[in-house]
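J.: Can you make the complete structure from the sequences, with help from the hints?
If you count by the working numbering, then the sequence shown holds residues 1296 to 1468, one letter each, in order.
Hints may be right or wrong, so weigh each one.
To be verified - In silico lysine-lysine, BS3-like type, Cα no more than 27 Å apart, as pairs:
1. LYS1351 - LYS1398
2. LYS1351 - LYS1408
3. LYS1308 - LYS1322
To be verified - Simulated restraints, written as ranges between beta carbons of each label pair:
4. LYS1365 - SER1333: 22 to 30 Å
5. ILE1366 - CYS1312: 30 to 38 Å
6. ASP1387 - TRP1432: 41 to 49 Å
7. PHE1334 - GLU1363: 20 to 28 Å
8. ASP1386 - GLU1346: 32 to 40 Å
9. PHE1373 - TYR1342: 19 to 27 Å
10. SER1422 - MET1465: 15 to 23 Å
11. LEU1419 - ASP1386: 31 to 39 Å
Quick caveat, the hints were computed from the structure, so don't treat them as lab data.
For each residue, glycine too, the CB sits at the ideal point set by N, CA and C.
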Amino acid sequence: TSELVTQALIWEKLIICDKKDNWFQVKQRDEYIAWLHSFYIIDSSIYDNNELLDKKDNWYFIKDRLLETKINHNEKYFLPFGALVPCIKYDDNFIIILPNGEKADINKQKLLKYSESIRLDRILQFSESLLGIPYLWGGKSSFGYDCSGFVQTLFNVCGINFPRDSYEQMDFK
1296 TSELVTQALI WEKLIICDKK DNWFQVKQRD EYIAWLHSFY IIDSSIYDNN
1346 ELLDKKDNWY FIKDRLLETK INHNEKYFLP FGALVPCIKY DDNFIIILPN
1396 GEKADINKQK LLKYSESIRL DRILQFSESL LGIPYLWGGK SSFGYDCSGF
1446 VQTLFNVCGI NFPRDSYEQM DFK
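T.: The following block contains the structure:
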């Protein structure tokens, strides 16, 4: 019965601050604090026990509006624009590691290297490609954005850890 105030994207690291029943109070990368149901949280053991995930060269942003990927040729996953995901080169392909440990093929053309610098014209291209996505209060993914979530996501893809709320964004330096 509570309102949606923000979203956490796939692989976003959450720090658990408190727990009540099946709910966790978490702090996100942008210092935003919110409550999440345990259903949406995965134990970090996959990340903690995989040395390949420690390397920044293995992390990529999804640059498509929604990226469809399949696991075992039947389960579909849709990954939103701006999600930062681990990918590993395997033969001539790339595979993404999902938080549950599953792996899926992914087209490198759909990815933007985490360390790649972005020019203003690319940011404008990204924002134009996201036109028409529905408004969602608290949304910060291409499943639905609110105004400050949209701006934050674009800045994050550019490597700038930008605040979540518009009143904080106005004072960002």
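J.: Could you run down the list of hints and mark each one as holding or not?
T.: Status of each hint after checking the structure:
no.	hint	verdict
1	LYS1351 - LYS1398	18 Å, holds
2	LYS1351 - LYS1408	9 Å, holds
3	LYS1308 - LYS1322	9 Å, holds
4	LYS1365 - SER1333: 22 to 30 Å	27 Å, holds
5	ILE1366 - CYS1312: 30 to 38 Å	32 Å, holds
6	ASP1387 - TRP1432: 41 to 49 Å	43 Å, holds
7	PHE1334 - GLU1363: 20 to 28 Å	23 Å, holds
8	ASP1386 - GLU1346: 32 to 40 Å	20 Å, violated
9	PHE1373 - TYR1342: 19 to 27 Å	21 Å, holds
10	SER1422 - MET1465: 15 to 23 Å	19 Å, holds
11	LEU1419 - ASP1386: 31 to 39 Å	35 Å, holds
Checked against the numbered hints above, the structure violates only hint 8.
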